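From first to last, the protein sequence lines are chains A and B.
Everything in the first sequence is counted per UniProt numbering, starting at 1 for the first residue and increasing by one.
Everything in the second sequence is counted per UniProt numbering, starting at 1 for the first residue and increasing by one.
Each hint should be verified, as a subset may be incorrect.
Unchecked claim - If you anchor each label on the Cβ, the simulated ranges turn out as follows:
no. : chain 1 : residue 1 : chain 2 : residue 2 : range
1   : A       : 52        : B       : 6         : 40 to 46 Å
2   : B       : 29        : A       : 59        : 24 to 30 Å
3   : A       : 2         : B       : 38        : 31 to 37 Å
To be verified - Listed next, the stretches of chain A that the computed footprint assigns to chain B, with coverage defined by at least 3 CB atoms under 8 Å from CB atoms of chain B:
no. : segment
4   : 19-26
5   : 44-54
Unchecked claim - No farther apart than 25 Å at their CA atoms in a straight line, the calculated lysine to any residue pairs in the SDA-like style are these:
no. : chain 1 : residue 1 : chain 2 : residue 2
6   : B       : 313       : B       : 11
7   : B       : 250       : A       : 4
8   : B       : 275       : A       : 37
9   : B       : 311       : A       : 57
10  : B       : 311       : A       : 19
11  : B       : 307       : A       : 4
12  : B       : 275       : B       : 44
13  : B       : 311       : A       : 37
14  : B       : 11        : B       : 42
15  : B       : 250       : A       : 52
16  : B       : 313       : A       : 12
Since the hints were derived computationally from the structure, they do not count as laboratory data.
Bear in mind the structure is a predicted one, so any value in this text is a computation, not a measurement.
Cβ atoms here follow ideal geometry from the backbone N, Cα and C, with glycine treated the same way.
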Amino acid sequence: MSGFLNGLLRFRRGSWELVASILIALGVVMLMQPWVLWAFTYSFIITLVGTVMFIIVSHFPE
Amino acid sequence: MSETAMDRIAKATPPRVARRIKGFSDRTIAWIFVAPTIFLLLAVNIFPLIWTIRLSFTNYRANRPNAELDWVGLRNYQRILNDGDIWQTMQATAHFLFWTLFFQVLIGFALAWLINRKFKGNDLWTTIIVLPMMLSPAVVGNFWTLLYQPQIGLFNNIVAYFTGADPTSFSMIGDVALAPWAIVIVDTWMWTPFVMLICLAGLRSIPDSIYEAAECDRASKWRQFWTITVPMVLPFLMLAVLFRGIENFKMFDLVVQLTGGGPGNTTTLTSIELKREAFEKWRTGYSSAYGIILFVTVFGLASIYVKALNKVKER
Numbered sequence: 001m002s003g004f005l006n007g008l009l010r011f012r013r014g015s016w017e018l019v020a021s022i023l024i025a026l027g028v029v030m031l032m033q034p035w036v037l038w039a040f041t042y043s044f045i046i047t048l049v050g051t052v053m054f055i056i057v058s059h060f061p062e
Numbered sequence: 001m002s003e004t005a006m007d008r009i010a011k012a013t014p015p016r017v018a019r020r021i022k023g024f025s026d027r028t029i030a031w032i033f034v035a036p037t038i039f040l041l042l043a044v045n046i047f048p049l050i051w052t053i054r055l056s057f058t059n060y061r062a063n064r065p066n067a068e069l070d071w072v073g074l075r076n077y078q079r080i081l082n083d084g085d086i087w088q089t090m091q092a093t094a095h096f097l098f099w100t101l102f103f104q105v106l107i108g109f110a111l112a113w114l115i116n117r118k119f120k121g122n123d124l125w126t127t128i129i130v131l132p133m134m135l136s137p138a139v140v141g142n143f144w145t146l147l148y149q150p151q152i153g154l155f156n157n158i159v160a161y162f163t164g165a166d167p168t169s170f171s172m173i174g175d176v177a178l179a180p181w182a183i184v185i186v187d188t189w190m191w192t193p194f195v196m197l198i199c200l201a202g203l204r205s206i207p208d209s210i211y212e213a214a215e216c217d218r219a220s221k222w223r224q225f226w227t228i229t230v231p232m233v234l235p236f237l238m239l240a241v242l243f244r245g246i247e248n249f250k251m252f253d254l255v256v257q258l259t260g261g262g263p264g265n266t267t268t269l270t271s272i273e274l275k276r277e278a279f280e281k282w283r284t285g286y287s288s289a290y291g292i293i294l295f296v297t298v299f300g301l302a303s304i305y306v307k308a309l310n311k312v313k314e315r
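The shape of chain B in the complex, shown without the other chains:
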């Protein structure tokens, strides 16, 4: 009989260690293996979370660590939830989140649908499409700032070519009405390939036999799309939306590079405002409360979303 991996491990274990381990139950050995991970999880995730909750009830300022710490109760939460500027950042985030997810799902699924069809140069097109996703957000931010330049920017000139408008008559990142759309366009350009890849995995997981059976039943292409393709790709699509939703809720680098939160506060997303409160104004207690509000929101949304995802997978 051939030697298994477990046999080789047993042979390689020094006799002293082997004698000691023999005295442990399987459960104890399992705990020994899991303990480092649990310790790391507690140290890196749970402890900072508990510490942040504690700080959110104080007036702590990280730039004055030796100052006397006052317990302010729920005052930080009250101030945040009555602050018009914070309310506006929530609206900016909602606008960004909704439209980026909408366009990324729509275009990502359409691209996956096209790429899934066998044609010449299929692999080359896939590589070209996923290129934006591989770039650094800082590079993409600078790159698009140049494209959005009213005088020399390619974007303005393309829009002018199709609409007949003067390219210098509008500024995507300087106009209050256009700036929120400018960041939506860039994020969609950068992250649609990610949604496309996940959809493509879903489309390729559908066996051809199902379509062949549908053809035998004389189902139209339209009916095949709605009764086979969409239901079978839906769990993949929902996963993509979950990943992109969480990522976009905490979007920071791309928007800072592009607009810096301006003009005014029109593109100040929650993470940008949080960074200003925590590391420019040094209101650590206040920003901790803000962080907890965002955490509870994302956690709650993710909980119901994962439940919906499991229901779709069970169908």
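Pulled out of the complex, with its shape left as it was, chain A reads as follows:
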């Protein structure tokens, strides 16, 4: 856990890619879940933020 937090603070690729991946996965689950409409409404913005973040952070150092 501390390695992950250190990675975030030092702008390391691994930690930030994990955050972006979680956001994308969360967005896709919200888009396709059958329970609450508000989750569907906000799914796209979360997926978009995750995807843009993924593109940016994949250029961070290891």
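Using the hints provided, position chain B relative to the given structure of chain A.
Relative to the frame of chain A, chain B by itself:
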């Protein structure tokens, strides 16, 4: 010394061209070769994408190209993301995507495992199994519509034979509960051979020496399967899932032929709804926004999937 291909190319180049090229650096020559591809990529992929993003913020209708174009901001996105029908198509797509991938991986891997064992008629069985994959989706759609007929369909009669139910008592493509499974069955039947072929390539790439070493260490067959076979086939399997996942996310032709999106909206996948919005209702701006939402979703998923695939390959 024998003449190389580069020497032959150098000799074949006309002197005028050769003199001109001699003045270019290697980097410039590389750019000259790559430029047509870059131009094609920009024209065919990047430009339409940017144009679609632009259209998604307008009320443009392709059947009225001369009508005044209004800038509507994020309204198209707001309407899509609050539309219950679109939400339902996303759920139908998720159901289709999850179950087709699940069955295709399970059956595809099992078939590859069986085909990989040496037995008589191995090649003949491989050819028979891959036949569905070679058929046109339109043909498969019509063919299965006939098989699913309650009165004369082979599928209903086979199910009736095993369950004792009346074959006319259920309709695979007319029943709200069964139609989503009907399309899953057909896609699984058609595309499992593709997953099987990729798994077979993975299984055949494992050297026999690894299994021989495991035998020397007295590892059981079960342990060999989980510690040698599965980890070494996993990158191949993940590639198959990536290809099938992207293909099934945009599935259109097979489902249109089979159910036309019905009954009701139960088998209306996102691509079918997108086509209706774009080319039946002619809401081009709205459908562009819908297309962008789907694009971002697939792009995001593919990004994390490729990252996971690279990690598995590095192990």
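- Report the numbers of all earlier hints that the structure fails to satisfy, in ascending order. 3, 6, 7, 13, 14
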